[in-house]
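Peer 1: Take 1 as the starting number for the sequence shown in the UniProt record's numbering and just add one per residue.
No lab work stands behind these hints: they were computed from the structure. It is possible that part of the hints are untrue.
[Claimed, not checked] Result set (DSBU-like, lysine-lysine): computed pairs, CA atoms no more than 30 Å apart in a straight line: (1) 132 <-> 166; (2) 66 <-> 41; (3) 41 <-> 23; (4) 93 <-> 28; (5) 93 <-> 23; (6) 163 <-> 180.
[Said to hold, decoys possible] Restraint-style ranges between C-beta atoms, simulated for each label pair: (7) 133 <-> 172: 53 to 59 Å; (8) 167 <-> 112: 18 to 24 Å; (9) 49 <-> 162: 34 to 40 Å; (10) 168 <-> 53: 24 to 30 Å; (11) 114 <-> 63: 20 to 26 Å; (12) 20 <-> 133: 19 to 25 Å; (13) 20 <-> 75: 18 to 24 Å; (14) 114 <-> 157: 15 to 21 Å; (15) 24 <-> 178: 49 to 55 Å; (16) 79 <-> 163: 36 to 42 Å; (17) 169 <-> 41: 40 to 46 Å; (18) 114 <-> 19: 42 to 48 Å; (19) 171 <-> 55: 38 to 44 Å; (20) 141 <-> 117: 37 to 43 Å.
All C-beta atoms, glycine included, are put in the ideal place defined by N, C-alpha and C.
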Amino acid sequence: RVRCGRSMEGYPFNPCLTEAQYKEMESKVSSTLSNLEGELKGTYFPLTGMTKEVQQKLIDDHFLFKEGDRFLQAANACRFWPTGRGIYHNDNKTFLVWCNEEDHLRIISMQMGGDLGQVYRRLVSAVNEIEKRVPFSHHDRLGFLTFCPTNLGTTVRASVHIKLPKLAANRQKLEDVASKYSL
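Could you put the whole structure together from the sequences, leaning on the hints where they help?
Peer 2: See below:
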């Protein structure tokens with residue numbers, strides 16, 4: 001999984017957004033995403049008015065984001081929840097966009113297997129396509145601007161899940177390895 005965050009140019013960060021701005025941004029994002037083609041083509045699901053069936057499917061697929069944690073709430077970043085929020089995913093479920101979660105946009109590319117290059121190329125392609133229609137906030141020195149300062153710059157983060165089915169087969173060996181690395 002590789003993801004990046006983006007803020008839409010001309011809009012403040014979440015704590016300063018009005019309800020009207022949330023709605024306007026969601027409209028721009030859903031319209032932009034509906035024009036994606038090829039492997040990026042998919043469906044946008046607004047959180048407002050989402051049916052229980054769609055909600056459960058998105059939960060089962062591990063796609064649905066929840067209202068912010070106590071830190072986001074303390075920062076006033078969850079105002080007007082769930083207005084102006086939504087999730088987009090492509091037909092293959094390898095590409096997602098979260099609208100107005102922590103950042104204005106969280107763009108995610110993922111897939112099973114070990115081809116991280118393909119995952120990254122899909123992300124870059126998607127970001128480029130979205131930016132043609134929705135300009136992003138960028139600073140010459142800081143890079144792409146995001147709500148959380150730890151994400152400034154490229155905002156790219158990558159993570160992998162690995163399966164180690166035999167790791168705990170020998171409990172003593174597992175404990176020895178864990179102890180060696182202070183785990």
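Peer 1: What are the numbers of the hints that this structure violates, sorted from low to high?
Peer 2: Numbers 1, 10 and 20 - these are the hints that the structure violates, sorted from lowest upward.
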